[in-house]
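Top to bottom, those sequences are chains G and V.
Note that this note's numbering numbers the first sequence so that position 113 is 113, with each residue one more than the last.
Note that this note's numbering numbers the second sequence so that position 120 is 120, with each residue one more than the last.
Since the hints were derived computationally from the structure, they do not count as laboratory data.
Treat each hint with caution, since some may be false.
One copy or two, it doesn't matter: identical chains are merged, so the pair holds either way.
[Claimed, not checked] Subject to a maximum C-alpha distance of 20 Å in a straight line, what follows is the list of computed DMTMM-like cross-link-like pairs (lysine to aspartate or glutamate):
| id | residue 1 | residue 2 |
| --- | --- | --- |
| 1 | 138 | 79 |
| 2 | 57 | 144 |
| 3 | 57 | 101 |
| 4 | 138 | 149 |
| 5 | 57 | 21 |
2 protein chains.
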Amino acid sequence: MSDDVAAPAAFEIPEGYTALEWRRGFVNQIGPLYRRVRDSSYCMGFLVEDHHTNGLKNAHGGMLMSFADMAWGHVVSVETSSYWVTVRLTVDFLASAHVGDWVEGASEVLSKEGDLYVVRGRIWAGERTLMTGTGVFKPIQKRDPRPGERAYRSE
Amino acid sequence: MSDDVAAPAAFEIPEGYTALEWRRGFVNQIGPLYRRVRDSSYCMGFLVEDHHTNGLKNAHGGMLMSFADMAWGHVVSVETSSYWVTVRLTVDFLASAHVGDWVEGASEVLSKEGDLYVVRGRIWAGERTLMTGTGVFKPIQKRDPRPGERAYRSE
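Given only the sequences and the hints, what does the whole structure look like? Please build it.
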């Protein structure tokens, strides 16, 4: 198992990124995933490897959607330090990601009505936009703040 | 690796279903997946296991979306015997799937304009609808027909 999800030895993690520590279940299966926090903004990233690919040797659509779900919904974690669920996700596939591509994703909050976050997101590899879309996410349970989240206090 | 994606020994594959033979890359990572063909209709299915779960021990949203992509787009394989890509996918999350649940999915074609298939899909576990949505899929390259596809001839 670890052979499949460990990054290749030659891979150098892009500057500012660190590996997500939470790596159980499905997230372990599709990882490793990375995160970069800068001031109040953040990105998530992953390196396309064989275990992410479809029959054409590109990143599988399911992988890109799974990554979009996590990268776009992450803003709810940052803002509320809660567990959250996805209510709706709409994705438009614009271009393919190939083995060896470094893929990144982020979102911005469009609205927050009651407890529903509506965000607009993008997934890209270098200069290429791979996917755009909209997500609706709902926090369901508060938890302790983690590093990089608004409510986190290091002392 | 095989420990993670092999179905539990006690699992009895529901009647009419057979395991998908194509199990490389991402599909191997999220499998095993199953398919049932009856007359001209088909379903796909999977058993929720630990490697499909999120922190709440339900099937991860990314897993359900990945499964929806495959189960709903499969109609393009059946009708055209082509490789295809997803153009757009919209999913509404209605209920959770738990470890041990047998999850199924299928779609119906709403329209076929030019080379774009628009389908309406559903994912369910027993009586519970887990997800509904719409997919736009595009065949990109013909290949040899496979068993269960319209153009397949067994002789």
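Q) Checked against the structure, which of the hints given earlier come out wrong? A) Going through the list in order, the structure violates no hint and respects every one.
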